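Turn these sequences into a full structure, and let the hints guide you.
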Amino acid sequence: MLLIAAGFFGFILLVALLIFILRLFSITLFHIPGFDLFFQYIILIIPYGIFLAAYYYLYKKIGCSKMKPSRVIARLLLFTGFLVCLLTLTLSTALFLHINNDWLKRFDDNSQYALIIQIVILIMCAGVLATGDPKEKDWMERGA
Numbered sequence: 013m014l015l016i017a018a019g020f021f022g023f024i025l026l027v028a029l030l031i032f033i034l035r036l037f038s039i040t041l042f043h044i045p046g047f048d049l050f051f052q053y054i055i056l057i058i059p060y061g062i063f064l065a066a067y068y069y070l071y072k073k074i075g076c077s078k079m080k081p082s083r084v085i086a087r088l089l090l091f092t093g094f095l096v097c098l099l100t101l102t103l104s105t106a107l108f109l110h111i112n113n114d115w116l117k118r119f120d121d122n123s124q125y126a127l128i129i130q131i132v133i134l135i136m137c138a139g140v141l142a143t144g145d146p147k148e149k150d151w152m153e154r155g156a
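Note that the sequence shown covers residues 13 to 156 in our numbering.
Since the hints were made in silico from the structure, they are not lab data. Please read these numbers as outputs of a predicted model, since none were measured by experiment. Be aware that one or more of the hints could be misleading.
To be verified - Capping the alpha-carbon separation at 20 Å, the derived lysine-lysine pairs in PhoX-like fashion look like this:
hint, residue 1, residue 2
1, LYS78, LYS147
2, LYS80, LYS147
3, LYS73, LYS147
4, LYS78, LYS149
As the list claims (entries may be wrong) - Between beta-carbon pairs, the in silico distance windows are:
hint, residue 1, residue 2, range
5, LEU41, LEU99, 27 to 33 Å
6, PRO81, ILE128, 24 to 30 Å
7, MET136, SER38, 35 to 41 Å
8, ILE129, LEU109, 39 to 45 Å
9, TYR69, MET152, 31 to 37 Å
10, ILE16, LYS117, 55 to 61 Å
11, MET136, PHE20, 43 to 49 Å
By construction, the Cβ of each residue, glycine as well, lies at the ideal position given by its N, Cα and C atoms.
Below, the structure written as structure tokens:
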């Protein structure tokens with residue numbers, strides 16, 4: 013029982029020590045000139061990196077689809093989504109660099125829609141790829 017209690021308190025102390033070290037590390041890094049801008053840009057590009065990884069994953073899954081029309085439609089959707097991702101990443105980077113343009117002001121007001129469009133494109137592409145797979149057998153037919 014003493015080992016369980018010691019393990020529990022040791023885990024709590026380990027988490028507290030980890031939080032302290034990470035906080036000390038972040039305070040130290042933010043005293044480096046320019047690091048806060050670098051951190052802001054990293055936070056800005058994380059969603060686009062996730063979308064690009066999802067597009068790459070679905071691109072690798074296109075070959076697994078059995079039907080040619082689903083492969084063609086999925087490729088078109090992925091290409092469109094990839095272009096939207098690159099365009100919005102470029103526009104977000106231009107906003108981050110404080111470039112003044114009417115298009116960028118309009119994009120800044122509606123930038124959340126670009127991310128929503130990419131989510132819809134990914135879901136549609138996954139759905140199209142799923143329609144290209146053969147229908148699964150019923151669980152009763154598989155067992156027999």
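**Study point:** Range hint 39 to 45 Å (beta carbons of ILE129 and LEU109) holds or violated
**Key:** This hint is violated: roughly 23 Å between Cβ atoms.
Point to revise | Distance restraint evaluation - ILE16, LYS117, Cβ atoms, bounds 55 to 61 Å | key: holds (59 Å)
Review point. Does 43 to 49 Å hold as the CB distance between MET136 and PHE20, or does it fail?
Key: Given range 43 to 49 Å: holds, Cβ gap about 48 Å.
Point to revise | Pairwise hint evaluation, LYS147 against LYS78, where the allowed Cα distance is 20 Å at most | key: Measuring from Cα to Cα gives roughly 11 Å; hence the hint holds.
Exercise for review: Could you check the hint for me, namely that MET136 and SER38 are 35 to 41 Å apart, CB to CB?
Suggested key: holds (39 Å)
Check your understanding: When you check the alpha-carbon spacing of LYS73 and LYS147, does it fall within 20 Å?
Key -> holds (17 Å)
Check your understanding: Taking 20 Å as the top limit, are the C-alpha atoms of LYS78 and LYS149 close enough?
Key -> holds (16 Å)
**Study point:** Distance restraint evaluation - PRO81, ILE128, Cβ atoms, bounds 24 to 30 Å
**Key:** Holds - the Cβ-Cβ distance for PRO81 and ILE128, about 27 Å, lies within 24 to 30 Å.
Review point. Has the hinted range 31 to 37 Å been met by the Cβ atoms of TYR69 and MET152?
Key: Check passed, 33 Å falls within 31 to 37 Å.
Point to revise | Distance restraint evaluation - LEU41, LEU99, Cβ atoms, bounds 27 to 33 Å | key: holds (31 Å)
**Study point:** Pair hint outcome, LYS80 versus LYS147 [Cα-Cα no greater than 20 Å]
**Key:** This hinted pair holds, its Cα atoms lying about 16 Å apart.
In this structure, the one hint that does not hold is number 8.
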